[in-house]
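> In case you want the letters, here they are:
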Amino acid sequence: MIECECGHKNPIGTELCESCGKPFHEETEQKLLDMRYEGVARRSKTYQTTIIDKIWNFFSSVKVGIWIIVLTLIASAIGTILPQEMYIPPNVYPAQYYKEQYGVVGYIFYTLGFHNLYGSWWYMLLLASMGLSLIIASLDRVVPLYRALKKQSVTRHTSFLKRQRIFGISRVPNPHETIKQVEQKLKEKHYQIRKENGNILAEKGRFSRWGPYVNHLGLVIVLIGAMLRFFPGMYVDEVLWIRDGETEAIPGTDRKYYLKSERFILETYDQDDKKFQEIIKKVGNGIPKNYQTDAILYENKNVGIAGAEPKLVKLKQQSIKVNHPLKFDGFALYQTSYKLNEFHKMYFKLEEKETGKTFGEIEVDLLNPKSTYNLGNGYKVEILEYFPDFEFGDKGPTTKSKIPNNPAFVFKMYTPKTKDGEISFVAIRQNLEPFGENKFKMTFTKLDVRNVTALTVRKDRTLGVIAFGGLIFMIGLVQGMYWNHRRIWVQIVGNEIWMAAHTNKNWYGLKKEIDYVIKDTDLTKPQDQKEHKGEVA
Amino acid sequence: MINVSSNLLASSFFAYFIATILAWGSFASKQKKASLKIKKWERISIIVAALGFLLQIGYFITRWIAISHVPVSNMFEFTTFLGMMIVLGYLIIYLIYKTNIIGLFALPTAMTVIAYASVFPKEASPLVPALQSYWLKIHVTTAALGEGILTISFVAGFIYLLRVVDQTKSSKKTFWIEFVIYSILSTLAFAIVSYIFNAMNFETTFSWVNETQQEQELVYHMPAIVGPPDGEIVKSSHSFKPIVEAPSWMNGVNAPRKLNSLIWSLLMGLVLYIMLRLLFQKRIGAKIQPYLKNIRPELVDEISYRSVIIGFPVFTLGALIFAMIWAQEAWTRFWGWDPKEVWALITFLFYAAYLHLRLSKGWEGEKSAWLSVIGFVIIMFNLIVVNLVIAGLHSYA
Chain F
1 MIECECGHKN PIGTELCESC GKPFHEETEQ KLLDMRYEGV ARRSKTYQTT
51 IIDKIWNFFS SVKVGIWIIV LTLIASAIGT ILPQEMYIPP NVYPAQYYKE
101 QYGVVGYIFY TLGFHNLYGS WWYMLLLASM GLSLIIASLD RVVPLYRALK
151 KQSVTRHTSF LKRQRIFGIS RVPNPHETIK QVEQKLKEKH YQIRKENGNI
201 LAEKGRFSRW GPYVNHLGLV IVLIGAMLRF FPGMYVDEVL WIRDGETEAI
251 PGTDRKYYLK SERFILETYD QDDKKFQEII KKVGNGIPKN YQTDAILYEN
301 KNVGIAGAEP KLVKLKQQSI KVNHPLKFDG FALYQTSYKL NEFHKMYFKL
351 EEKETGKTFG EIEVDLLNPK STYNLGNGYK VEILEYFPDF EFGDKGPTTK
401 SKIPNNPAFV FKMYTPKTKD GEISFVAIRQ NLEPFGENKF KMTFTKLDVR
451 NVTALTVRKD RTLGVIAFGG LIFMIGLVQG MYWNHRRIWV QIVGNEIWMA
501 AHTNKNWYGL KKEIDYVIKD TDLTKPQDQK EHKGEVA
Chain S
1 MINVSSNLLA SSFFAYFIAT ILAWGSFASK QKKASLKIKK WERISIIVAA
51 LGFLLQIGYF ITRWIAISHV PVSNMFEFTT FLGMMIVLGY LIIYLIYKTN
101 IIGLFALPTA MTVIAYASVF PKEASPLVPA LQSYWLKIHV TTAALGEGIL
151 TISFVAGFIY LLRVVDQTKS SKKTFWIEFV IYSILSTLAF AIVSYIFNAM
201 NFETTFSWVN ETQQEQELVY HMPAIVGPPD GEIVKSSHSF KPIVEAPSWM
251 NGVNAPRKLN SLIWSLLMGL VLYIMLRLLF QKRIGAKIQP YLKNIRPELV
301 DEISYRSVII GFPVFTLGAL IFAMIWAQEA WTRFWGWDPK EVWALITFLF
351 YAAYLHLRLS KGWEGEKSAW LSVIGFVIIM FNLIVVNLVI AGLHSYA
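Each protein sequence line maps, in turn, to chains F and S.
Once you know that position 342 of the first sequence is 342 in my numbering, the rest is easy, because the numbers rise by one and skip nothing.
Once you know that position 348 of the second sequence is 348 in my numbering, the rest is easy, because the numbers rise by one and skip nothing.
In case anyone wonders, no lab produced these hints; they're calculated from the structure.
Please read all numbers here as calculations on a predicted model, not as lab measurements.
All C-beta atoms in this analysis are idealised placements derived from N, C-alpha and C, irrespective of residue type, glycine included.
Be aware that a few hints might be false.
Said to hold, decoys possible - DEER-style ranges, computed between Cβ atoms:
{"no.": "1", "chain 1": "F", "residue 1": "N290", "chain 2": "S", "residue 2": "R333", "range": "19 to 27 Å"}
{"no.": "2", "chain 1": "S", "residue 1": "K39", "chain 2": "F", "residue 2": "Y516", "range": "21 to 29 Å"}
{"no.": "3", "chain 1": "F", "residue 1": "P288", "chain 2": "S", "residue 2": "T205", "range": "25 to 33 Å"}
Isolated chain S (complex conformation):
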């Protein structure tokens, strides 16, 4: 069953990939002439994306059966689910606005998230007592759905920026657009690097004293640029030695290894970015912009705003209200200033500020679009950094 499930996930990933290509293909040819044929390709792209979504639902259900609890209980399962919710958010927006523009970037974003998920351990992990509750299904899925819809706000906002920011000269704005692209490339690089080193069977085993003061072994599957603090190599498949040690204040589970992966991703992301820059001979934003010239900025601005309107209540319900109800049952108190809780509150406050700025201060268009990018950064921060650097009750992986 678990194999069936993995295959379904792989096929859905492939479907998203095809749908992305179809979306860009139909979109790029629309520049030249608007014909019925292109409209048809756009439809096919949506259908393939929806098919991918169904396949992923299939993955979800079969994995649920295989491990006999809802598969959102570790980093791999949760992050995969988040990718699925991004696709769902995109499909919802398509149903409302009947435009495939969002798919151009929503599908790649979802794929990047799923690729990121795939490097975490995929074994079925049993539920510790704190997680044995029906609130696991309710809280985690609702929170992820909210985050997925809010991600669509980022996608639309980012398209807006790519569309309107002046690319004829370099500025702070173009720098930050490139920075966002670089970050996405780094996430992608993370997945690629993991696969390559896994395929090469890279393995270094360190012994070290972990954050709970226990002596432990830590296995790296990538060459260690950053070793554990005071770690010693027990055995290694290669002669590569750590250049520096991870700072000891990093408290996440296996933090040194995660930091090492992060550094690899950032480096490889840079390599990917430079390759693309050399290929295009200009900023990537400048390369993309002409393709988007037929997009009405007002429309993507409205979609971005609308996604916040739809996603904000869902996020609040899932990540704060359901979370508090469950925390009261499981941890004896509805609020305990756990880092993950605090960052959910920060996300909530941020989008509250977004809405007030938009409604009362007239922050529409570009300002609003930048905010939606920051909102996404906060969501990703809560997913990645809070688990990597900050220990807490939520660090399950």
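Excised from the complex, chain F in its bound form:
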């Protein structure tokens, strides 16, 4: 404890008495006081021996904080030189892609791991140390600062007043009368006045001093929110492809919710639209206007019952568009992609080649073909083999995928005339007869297509935390930036009036206010002791 001559007991390490402001370390009489944090005793300046002290001191330093900011800034900038891994085409090998597309630069970028910079351990470490710095640097300052501003007394030590940036001495005929006038003026400017032995401390906007700590707290909450994502169950990111008219379980909901897509619609801007004619002429037709899935959301009432068929109850009907996701139970479904005109059903007729006579039509659902189609009267078609995405590979016909992009069939046709059946291979624009001349053939008649929509299924339980942090941050920012903490001391010293003033920022505004306060009084204008002399505005 350091006891000041005013009688106030200050914690060890205090620079300026919390009560009267008397400086404890008189270096030079002329120098202005360092008013940052009111000269309070900060832990980091007082305890410097143990490991904990050293870590505390490291992270409480603003210099370290600035270095963390600058390093994060530089790292973030480097990450934008080339696209990140998530923005390169999904079907390529990153190692190859970066080298081929961007040459040596790409090779270095990939080798150093910059293709996934924002997810790298060292970038995470930077963000974590930023969080630590925010917490420690704030605590180190806010607690003692709060104490000092609470303990401050009205009457200040003369060397405190003298060494304020704005300071002036006036000799006036009637000090008490002048102080009364000043008090009135200060009230007009919404200062809160404290009086003691005829001296005045006028103060306003002290709450703005807490702004930095409030916004730091907000940032810490945001960082914590970002960290929460790594806990299971906090974050769902899936894609749901649905064909027109189909109903699918929504991934990530454990079959609790189902979605039906009635249709996917793509609209483009009309070239006759007068407003945009010019640009459509230039870039061509097909500027998209709307991507939309007309969807119905169902809840499965049988969820959790083993082996039970889903029992669907309609919850909601909505058109999901870009910027208009479908929201339910913490989930949101976003329109993200689509595929137009996927093959749905193919129709074939069984035809006698010689006569051209047909004996009924089969309808093949390309996702779910039947093995036998009975046409009656002894006419029957079997599908021996089905290749949804046909390709002629090394080992003969094969399929690339299960999606019917290029369907092909091996049919076996039975008729009263050909009891043993004839085999025919049918693909788009192809009709082969591998086992010799057939009497019958399968004639393609028509094709049904339908659209497929892709919806991103997203659940992000961290959103609330992050939004809350963002709100706190913004409040703190405005609180600290748009208000100023101003104090004006008016004190009677002998037969003089001493006036000193301090603000945490915007000295111009403070000086203007002082001009107003001393107008029509006998006080002389206090000087800004920092300003160069001999220059005019």
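Please arrange chain S on chain F, whose structure you already have, making use of the hints.
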């Protein structure tokens, strides 16, 4: 309606020009004698600037009506709007500090930005689905306002540097001051060159394979110094042939053409700069300095700092918070490390560093002024280079 709108924009540009001349005129004569008459001219300058601002608001509203969405959806519209926000920032600072010093450079900066905007295609472009949201108005305008106010910080900081940096001998500092002037001249040159070649109907059509691996035609309206990679001339109004090809890693939309424009601007900027140097027979900074000798450096330093204080929360709100809310609605996630997002974060971090250096390390005056210049460079980088070189979700032009 769109013609009315263009005329309003042209008139507001003209008003800014007149206001600049009035500002410099009244300022230069103030050196000799301070009279009431000069004070009056200064007032007129402010009034003309405010009138220009109103005309530009008129442009904004009429264009909004004409295209039936908020006109901030392509490079021309956004950059014009940014110019308007710089003027607004200047008017706000005038209301607080009642000094026209900022106008000396804020108005030319705004004019340069608007001139730069005017070379982008001006056709009304329809909104793609991702942009169809009320957040377009909210996010883009707030972000631009923040950037406009932060630009005033650069203007004040730059005036500070012009005022205090020792111009009697050449140094690193004078070099960088000249460099900033050269950059501004290059932007101006960009607008001038575009107009000249447009007037001459220069046109070269290339066929090339673009960044999405599609074969496309690319029309240059300036002689091609840099052609597209493996591009072939389809037709041309002149015999000028590309000297080099653009590097294929430039991923922006029509990047080779933009690179070509950039090179033209830098070259013509150099020509303008050399002309001015020859005219003045000294560094441009040295030529300007005597005019500024009556400015109190503390005042411009404070204005520069104050602009950051006012602009930083606005920028954060518009370019980060509103941006994140919208991204969550439109792109399914509030943050996706898109280059534009990252550069908004970088801008945020930079000004955060500025504030901490100023508050805790006592970086005031000159150091602070240099920082405000760098801050402006970052903002311009995000506007120009991120769209030119780096592809991303924000490259709308």
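> Broken hints, numbered, in rising order?
Violated: none.
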